[in-house]
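Add chain B to chain A, keeping to what the hints say.
Chains A and B, in that order, give the protein sequences. FYI, full-length UniProt numbering numbers position 57 of the first sequence as 57, with every residue one higher than the one before it. FYI, full-length UniProt numbering numbers position 406 of the second sequence as 406, with every residue one higher than the one before it.
Don't read these hints as lab results, they were simulated from the structure. The beta carbon of each residue, even a glycine, is placed where N, CA and C say it ideally should be. Certain hints may be false.
Beyond 12 Å from chain B on every Cβ pair, some chain A residues (computed) [claimed, not checked]: (1) Asp46; (2) Arg53; (3) Leu135; (4) Ser136; (5) Met143; (6) Lys178; (7) Ala182; (8) Ser319; (9) Asp335; (10) Asp359; (11) Arg385.
Only pairs whose alpha carbons sit at most 20 Å apart, straight line, appear in this in silico SDA-like list of lysine to any residue [as the list claims (entries may be wrong)]: (12) B:Lys4 x A:Ile19; (13) B:Lys409 x A:His69; (14) A:Lys171 x B:Ala412; (15) B:Lys141 x B:Arg157.
Number of protein chains: 2
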Amino acid sequence: MSLKKILFIVIDGISDRLIDNKTPLDSARTPNLDYFAKIGINGIMDTIAPGVRPGSDTAHLALLGYNPHECYSGRGPIEAAGSGIELKEGDVAFRANFGTVEGEGSIFDKVVVDRRAGRIDETDELVKALNKIDLSEFGVKVMVRRGTGHRAAVVFRGEGLSDRVTDTDPKKIGSKVKMCKALDENAEKTARIINKFMEEAHRILENHPVNLEREKNGLLKGNAILLRGGGMVKKVESFEERFGLKLAFIAGTTLIKGIGKIIGADVLEVEGVTGNKHTNLKNKFNAALEALNTHDFVLVHIKATDELGHDGDFEGKKSFIEKIDQEIAVLRELDFTEICLVITADHSTPINVKDHTADPVPVIVVHEGVRTDEVDRFSELVAYRGGLCRIRGIDLFNIVLDLTNNTSKFGA
Amino acid sequence: MSLKKILFIVIDGISDRLIDNKTPLDSARTPNLDYFAKIGINGIMDTIAPGVRPGSDTAHLALLGYNPHECYSGRGPIEAAGSGIELKEGDVAFRANFGTVEGEGSIFDKVVVDRRAGRIDETDELVKALNKIDLSEFGVKVMVRRGTGHRAAVVFRGEGLSDRVTDTDPKKIGSKVKMCKALDENAEKTARIINKFMEEAHRILENHPVNLEREKNGLLKGNAILLRGGGMVKKVESFEERFGLKLAFIAGTTLIKGIGKIIGADVLEVEGVTGNKHTNLKNKFNAALEALNTHDFVLVHIKATDELGHDGDFEGKKSFIEKIDQEIAVLRELDFTEICLVITADHSTPINVKDHTADPVPVIVVHEGVRTDEVDRFSELVAYRGGLCRIRGIDLFNIVLDLTNNTSKFGA
Numbered sequence: 001m002s003l004k005k006i007l008f009i010v011i012d013g014i015s016d017r018l019i020d021n022k023t024p025l026d027s028a029r030t031p032n033l034d035y036f037a038k039i040g041i042n043g044i045m046d047t048i049a050p051g052v053r054p055g056s057d058t059a060h061l062a063l064l065g066y067n068p069h070e071c072y073s074g075r076g077p078i079e080a081a082g083s084g085i086e087l088k089e090g091d092v093a094f095r096a097n098f099g100t101v102e103g104e105g106s107i108f109d110k111v112v113v114d115r116r117a118g119r120i121d122e123t124d125e126l127v128k129a130l131n132k133i134d135l136s137e138f139g140v141k142v143m144v145r146r147g148t149g150h151r152a153a154v155v156f157r158g159e160g161l162s163d164r165v166t167d168t169d170p171k172k173i174g175s176k177v178k179m180c181k182a183l184d185e186n187a188e189k190t191a192r193i194i195n196k197f198m199e200e201a202h203r204i205l206e207n208h209p210v211n212l213e214r215e216k217n218g219l220l221k222g223n224a225i226l227l228r229g230g231g232m233v234k235k236v237e238s239f240e241e242r243f244g245l246k247l248a249f250i251a252g253t254t255l256i257k258g259i260g261k262i263i264g265a266d267v268l269e270v271e272g273v274t275g276n277k278h279t280n281l282k283n284k285f286n287a288a289l290e291a292l293n294t295h296d297f298v299l300v301h302i303k304a305t306d307e308l309g310h311d312g313d314f315e316g317k318k319s320f321i322e323k324i325d326q327e328i329a330v331l332r333e334l335d336f337t338e339i340c341l342v343i344t345a346d347h348s349t350p351i352n353v354k355d356h357t358a359d360p361v362p363v364i365v366v367h368e369g370v371r372t373d374e375v376d377r378f379s380e381l382v383a384y385r386g387g388l389c390r391i392r393g394i395d396l397f398n399i400v401l402d403l404t405n406n407t408s409k410f411g412a
Numbered sequence: 001m002s003l004k005k006i007l008f009i010v011i012d013g014i015s016d017r018l019i020d021n022k023t024p025l026d027s028a029r030t031p032n033l034d035y036f037a038k039i040g041i042n043g044i045m046d047t048i049a050p051g052v053r054p055g056s057d058t059a060h061l062a063l064l065g066y067n068p069h070e071c072y073s074g075r076g077p078i079e080a081a082g083s084g085i086e087l088k089e090g091d092v093a094f095r096a097n098f099g100t101v102e103g104e105g106s107i108f109d110k111v112v113v114d115r116r117a118g119r120i121d122e123t124d125e126l127v128k129a130l131n132k133i134d135l136s137e138f139g140v141k142v143m144v145r146r147g148t149g150h151r152a153a154v155v156f157r158g159e160g161l162s163d164r165v166t167d168t169d170p171k172k173i174g175s176k177v178k179m180c181k182a183l184d185e186n187a188e189k190t191a192r193i194i195n196k197f198m199e200e201a202h203r204i205l206e207n208h209p210v211n212l213e214r215e216k217n218g219l220l221k222g223n224a225i226l227l228r229g230g231g232m233v234k235k236v237e238s239f240e241e242r243f244g245l246k247l248a249f250i251a252g253t254t255l256i257k258g259i260g261k262i263i264g265a266d267v268l269e270v271e272g273v274t275g276n277k278h279t280n281l282k283n284k285f286n287a288a289l290e291a292l293n294t295h296d297f298v299l300v301h302i303k304a305t306d307e308l309g310h311d312g313d314f315e316g317k318k319s320f321i322e323k324i325d326q327e328i329a330v331l332r333e334l335d336f337t338e339i340c341l342v343i344t345a346d347h348s349t350p351i352n353v354k355d356h357t358a359d360p361v362p363v364i365v366v367h368e369g370v371r372t373d374e375v376d377r378f379s380e381l382v383a384y385r386g387g388l389c390r391i392r393g394i395d396l397f398n399i400v401l402d403l404t405n406n407t408s409k410f411g412a
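Bound-form chain A, shown alone (with noise of 0.2 Å):
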């Protein structure tokens, strides 16, 4: 038996609760995901478990095979792995913003008047002079890396760190800076060596030239570096190496990348992708057509789904769901013999919740010889007719590796 290939489309949010009875995926008019689902086997999807709300990165972990209650360790090791910083096992990280203090003493007596420094982005010489912060005295290195805007990652790397400890953004403006505190014994010295670093950040960030310029411009000042979402580092098999396949990921949002970085795949770097509505969504299909030259599973990751139902629009999700539809004609083209396609979701972003909700995701499985079913059109009011019925989304994994022989029988 040949092994085929596998591309997945994650479409970020798309599914709905109904709204006057109807949905922006249901409304919008989608001939080509009409007919990936007349083709193909259809079901709806939990992707972690029934009733369990999905974060992206949890969710994107339990599509690839992964148990997110095993291996996922908080939010900021897998933005500061989306920023570039190679991790290693037991570093601590945390994802960070350049904000704006003010007032006398330490830093943990200044007050926040802006988390975001006036949305600076001239952030690369900062980051610079923070990766030259001297923790040595406590074994301990740190590396900091701008993500876009006022973002950034930091990462604590040296024995005994520990992640048992609150964040130091206090995520409200007028608020004091937080002192970091240890929740348990085995977190002080990490405590003692974060508390370290923002009083020097501080100090440094203060009379920085890129600061001082900007004051004398008018504008607010990145003269402190606010830490949230720690988590340590653990260890996880590579896709590679867990099930032998060559894994690419195409995503424009810096927590997709990480989740690809923290299990070994390539995230491609393909031109116009944002992570928004903006995104160029031919450039990513054709990314994608191109990379199953190289790889043996391929994920392709819509942002704007998402943003759009956070955001309440659901002319706007309609809209672009039918951009969607237009671009993904390409993949028509595809051989079904040598390649499954899977057309899904990470979670439903519901425009009457505006966050992510656990109702089920709409799952699409085209490839030679599956079973199809009634399902002729891609709609989470619909999906669950189909073949596969009511799936998770390590089942949806597994069924796509036995169709595509990359599994092997389990007995004789």
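Below, chain B alone, put in the same frame as chain A:
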């Protein structure tokens, strides 16, 4: 996101296997239940797992988010809790009957001639006398509480007790009362205590004025107390601790009340609620509507459908279901933007089996935004076509928490 409230209507054993191509539920005229099916999302449910025959107690635990494999410790503790005894972790509790024994010698030489002591009902004074039995030589205290008719609950409290002991109820007329035996070494003390209790109880009951009066009137004496279903009380986190929701139970039977007590529900007393087919359903549903003002989660249990299933009474079951349908009409007025209504059962009690079976039960979930489906009547024969597909009790619970925003996101 505002938190919505939840109303569960659990109709005990409502569903059946096919008998002459029909079932009581499927052939009953149920316009109101059908209305809820039409405006809701439907499915078929294994309360514990496919093929596992649930008790009403274990099924209710599963429906409320508890794993019965972890927290169920036999019927004794539940009946004792339902009878009103405040249990503590480590107590060993039994269901008990007042029975009639005859013969010479010790209690264990005597023969049971009636397991219900002629359906004795005047047990208040007998129970009072049994509570005075002194087991202080063992460091143990006994608590006895009457149930309906000949029924009672018996609880032993003290250090080092075990539930690895056998029943003293022989469960057969004409058999000798059984000596309690230890099933392992650590239970030997407990067995000695129970046998001492059995002897003392018989000594007191044999010549108790209530029994002497019965004897004079030609009635059987309640001169022995027969123990069965012993279990050790485990620590169970309360529903409010676990889910942050205030829970109310409206139920007529001691078993279901006991489940409520064990997980810390407010077990409401409602006039005319009997746990049989003469129960006042109108009062029950009205009490539920009122309880929704003070509680987040209200469970109404309706028992008679199960009894009629145990009796093999097709027409009786069908007509009681029609009676439920008439009274449940009052719930049509609920505001389903604020309340999530669930109508389901704990298990099937098929007419042709006369006992619980694992055949899955129909479920309706009514709430704003649920994805309605093609199912437009409440029947175990069509529910599988609904949008929920086939789920488990724990799934239903988690799905409802998600629909009502009583859950949080796993991941980012």
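Non-conforming hints, listed in increasing numerical order: Hints 1, 2, 10 and 11 not satisfied by this model.
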